[in-house]
Amino acid sequence: MHIKLDGETDFDGWRKAARTLVLSEVKPAEVSWSVRGDEPGLFEPPDEAPPPAAPSGTFNVPAKFVDLAKTTILHHDPERFALLYRLLWRLPGHHDLLDVATDADVAQIAMMAKAVRRDEHKMHAFVRFREIGREPNSHYVAWFEPEHHIVELAAPFFARRFADMAWSILTPEACAHWDGRAVSITPGVPKAEAPTEDRLEETWRRYYASIFNPARLKAKAMQKEMPKKYWRNLPEASLIRPLIEGAERLTGAMIANAASLPHKAQKRPKSAKPRQPSSASGDIATLREEAADCRACPLWEDATQTVFGEGPKQAPLMLVGEQPGDKEDLAGKPFVGPAGQMLDRALKQAGIARNKIYVTNAVKHFKFVPRGKIRLHQKPNTSEIRACRPWYERELASIKPELVVAMGATAAQSVFGKIMPINQNRGRLIDLDDGTKALITVHPSYLLRLPDAGAKALEYQRFVDDLKIAADILRQSPRAA
Amino acid sequence: MDVQRKLEILADAAKYDASCASSGTEKRDSRDGKGLGSTEGMGICHSYAPDGRCISLLKILLTNACNYDCLYCVNRATSNVPRARFTVDEVVKLTLDFYRRNYIEGLFLSSGIIRSADYTMEQVVSVARKLREEHHFRGYIHLKTIPEADDALITEAGKYADRLSINIEVPEEASLAKLAPEKDVRAIRRTMGRLRLKLDEAREGRKLTPKGNTAPKFAPAGQSTQMIVGADSASDQTILNTSANLYGSYRLKRVYYSAFSPIPDASRALPLSAPPLLREHRLYQADWLMRFYGFDVGEIVDETAGMLSLDLDPKLAWALRHRDRFPLDVNRASREDLLRVPGFGTKAVDRIIATRRITSIRAADLAKLHIPRNKALPFIVLSDHRPSPHVLDSAGLAERFKPKATQLGFGF
Numbered sequence: 001m002h003i004k005l006d007g008e009t010d011f012d013g014w015r016k017a018a019r020t021l022v023l024s025e026v027k028p029a030e031v032s033w034s035v036r037g038d039e040p041g042l043f044e045p046p047d048e049a050p051p052p053a054a055p056s057g058t059f060n061v062p063a064k065f066v067d068l069a070k071t072t073i074l075h076h077d078p079e080r081f082a083l084l085y086r087l088l089w090r091l092p093g094h095h096d097l098l099d100v101a102t103d104a105d106v107a108q109i110a111m112m113a114k115a116v117r118r119d120e121h122k123m124h125a126f127v128r129f130r131e132i133g134r135e136p137n138s139h140y141v142a143w144f145e146p147e148h149h150i151v152e153l154a155a156p157f158f159a160r161r162f163a164d165m166a167w168s169i170l171t172p173e174a175c176a177h178w179d180g181r182a183v184s185i186t187p188g189v190p191k192a193e194a195p196t197e198d199r200l201e202e203t204w205r206r207y208y209a210s211i212f213n214p215a216r217l218k219a220k221a222m223q224k225e226m227p228k229k230y231w232r233n234l235p236e237a238s239l240i241r242p243l244i245e246g247a248e249r250l251t252g253a254m255i256a257n258a259a260s261l262p263h264k265a266q267k268r269p270k271s272a273k274p275r276q277p278s279s280a281s282g283d284i285a286t287l288r289e290e291a292a293d294c295r296a297c298p299l300w301e302d303a304t305q306t307v308f309g310e311g312p313k314q315a316p317l318m319l320v321g322e323q324p325g326d327k328e329d330l331a332g333k334p335f336v337g338p339a340g341q342m343l344d345r346a347l348k349q350a351g352i353a354r355n356k357i358y359v360t361n362a363v364k365h366f367k368f369v370p371r372g373k374i375r376l377h378q379k380p381n382t383s384e385i386r387a388c389r390p391w392y393e394r395e396l397a398s399i400k401p402e403l404v405v406a407m408g409a410t411a412a413q414s415v416f417g418k419i420m421p422i423n424q425n426r427g428r429l430i431d432l433d434d435g436t437k438a439l440i441t442v443h444p445s446y447l448l449r450l451p452d453a454g455a456k457a458l459e460y461q462r463f464v465d466d467l468k469i470a471a472d473i474l475r476q477s478p479r480a481a
Numbered sequence: 001m002d003v004q005r006k007l008e009i010l011a012d013a014a015k016y017d018a019s020c021a022s023s024g025t026e027k028r029d030s031r032d033g034k035g036l037g038s039t040e041g042m043g044i045c046h047s048y049a050p051d052g053r054c055i056s057l058l059k060i061l062l063t064n065a066c067n068y069d070c071l072y073c074v075n076r077a078t079s080n081v082p083r084a085r086f087t088v089d090e091v092v093k094l095t096l097d098f099y100r101r102n103y104i105e106g107l108f109l110s111s112g113i114i115r116s117a118d119y120t121m122e123q124v125v126s127v128a129r130k131l132r133e134e135h136h137f138r139g140y141i142h143l144k145t146i147p148e149a150d151d152a153l154i155t156e157a158g159k160y161a162d163r164l165s166i167n168i169e170v171p172e173e174a175s176l177a178k179l180a181p182e183k184d185v186r187a188i189r190r191t192m193g194r195l196r197l198k199l200d201e202a203r204e205g206r207k208l209t210p211k212g213n214t215a216p217k218f219a220p221a222g223q224s225t226q227m228i229v230g231a232d233s234a235s236d237q238t239i240l241n242t243s244a245n246l247y248g249s250y251r252l253k254r255v256y257y258s259a260f261s262p263i264p265d266a267s268r269a270l271p272l273s274a275p276p277l278l279r280e281h282r283l284y285q286a287d288w289l290m291r292f293y294g295f296d297v298g299e300i301v302d303e304t305a306g307m308l309s310l311d312l313d314p315k316l317a318w319a320l321r322h323r324d325r326f327p328l329d330v331n332r333a334s335r336e337d338l339l340r341v342p343g344f345g346t347k348a349v350d351r352i353i354a355t356r357r358i359t360s361i362r363a364a365d366l367a368k369l370h371i372p373r374n375k376a377l378p379f380i381v382l383s384d385h386r387p388s389p390h391v392l393d394s395a396g397l398a399e400r401f402k403p404k405a406t407q408l409g410f411g412f
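As given, the protein sequences belong to chains C and R, one line each in that order.
Letter by letter, the first sequence follows residues 1 to 481 of the numbering used here.
Letter by letter, the second sequence follows residues 1 to 412 of the numbering used here.
Computed footprint of chain C on chain R; a stretch qualifies when at least three of its residues, placed anywhere within it, have a C-beta under 8 Å from a C-beta of chain C:
#, segment
1, 26-39
2, 97-105
3, 256-266
If you're looking for bench data, these hints aren't it; they were derived computationally from the structure.
All C-beta atoms, glycine included, are put in the ideal place defined by N, C-alpha and C.
The following block holds chain C by itself, in its conformation from the complex (with noise of 0.2 Å):
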């Protein structure tokens, strides 16, 4: 039996008689193709009409085969409406049989697939307009010599990248046409039609010349992206052998050639100055600048920058927390990611404005390793709290608190020089040495880790709780007015 279809690019037809094929179970051997309107070859068998009408009824394929067939179909191979035919004629046995990509026939069908669409995205990327008139007048035109029959597939690309230009794109074996309106299809016309300039290649050369680095040749690896067949349609091809060719002898006069005096003397800035960490307590802000550049631990290296204290400079309340958190260490600021939005939510319902009060961190680098996209969060240990002790001290005695509250185990230490157990000492006032108050209590972060929800309820109503004590002290303060 032989099957004869309208053209190249026919799926439709071939599709139609494939069915009736399957249906009327006539075996892949049996069916030969070709495309109408071919030279009549030398054994050319007879044009035979499809089978008759085959006993009613239908089957399934999977949705990925359609998809599989109408790209292959645009192959240039002759074989391929046999080979889309054999595989359709053992779908209905196996339907898995496309997942076996060790299967013979679906390992070469994947590969004719594959080529069609790296044809294709090489005609969007290779082919080259040539302007005809000038704007707003101008006709865009390009040749194109596809390997596959992807004329038509390749165009939509065309017409939503160039809505607002007309453009043809010729090739041997169809051409595409755009009035901006719609694509229009015509026959093939010879390369003669094409035009053969444009006022900006001579530019566009320039311009390729100058971003080839010569130092670092690889005319291979850009022979695999950008193989010989496309070149002659290329402006810019004809630069390529020049440009190996003279690789070599540029490359070695960049690094035979010493470099010349500098034409003009370039103060070099000195070397950022050393700061010694003083001991001099200054205002908050001389402090924050200072602990910038803080180096007394590791941690700064890996992290974005120092995350300093926040607050009134009088504030009477004082807040610490245990360090920077991801979006902290992004923001430069503390207590502004998911810790941060659970601290503000319970200041707010235990009566304290957040923007009243002096808010920071025991240890002021974000602790942290990192794991793909993201940033794990590691707790800081004594020597690390104890090499940011300093700066949380200056802060202590810069702003005067009549009240600090150490939120979590890491601030505790921070706050009292030793390890704090949270659950005996929270909820109530603590006199530190110097006579100002500490308060104990869970660190925020804490409250977001809790699995159950009732438990969470609960601690959160704790936490809340003992910032009321906290509230009640910042109510009775002459500084918070």
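Position chain R relative to chain C; hints supplied.
For chain R alone, coordinates are given in the frame of chain C:
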């Protein structure tokens, strides 16, 4: 000076930046008839130079005059290269003219630092503003972000650009201080942090209002950076640690590695030799292992060496150091383990997993899966193949993989 001459100078000045991607952005087109251009998610390389690098964007500097004196840079203040400066309109016209002829996907604009960070950034942004607002250009725009530039300028840059980038230049702060005394790695990181916050905000906004699109747009193709390889003494481990830190901290789409290449009128303080292209290639492979193959930054480089092997790709080198984990049964192993087999790419692993649910995999199937036999066979068990026990134990195994000729392309 005519535009062609300026283009020569300012393209030459831009070519040491390896970044060329035009992918990963939102989908746009110009079917409304009001503008020009489209982006479809996947980038397009419109040409390739004989250095093997793709030409996707018009990659130029606005000016190569620069206040900074970075030793590795062809545009440093004390270099004697000719200088030029485009006007905003010249860049806009060149971009549109090239784009209409299908030479490019869009524009990658950078600049030497002139006057101040803000002045320079404003110049760069005004090119993008003009393209988008006046010409309704819908193609791809990549803008170099100047560290320390004003926040409002950065917000505007992100409104027009698909991608923003800031180069970290070298992996270690100490060598940056030596090579680029005016650059401040802390300022670079702070700005990368600012970019990530804005990127996160735009992404969150899109999630909340996917259709209404009320959230301010910000660089839908994200941010990237570049590290120069071989201009200082940093080891591969140091470079990869820095990359892992940057990917995690700022969610970079890409870290580009650029082998330090001799430049015209180079500084005498730097190694004037052929660029370490193979080393650059190995770093890209290692980077891929971190991002797509589930490798941790700490396990890729041989601890004792600190450097990647030049002879063997990093996954093969890892497998040779961990022979106790092989041979692996391809018909049973987990996806994670399959990704660690030399010669197995992510696509091959996906195909193996789909195929083996239906039929078992034999040695003859490797070719159809596009897996190099010689590389993979010593490490795997198939339904008709098991490597002889002494192959994996043999001291000569590594020698079998050492190259006879130079390799091109990504060999995994």
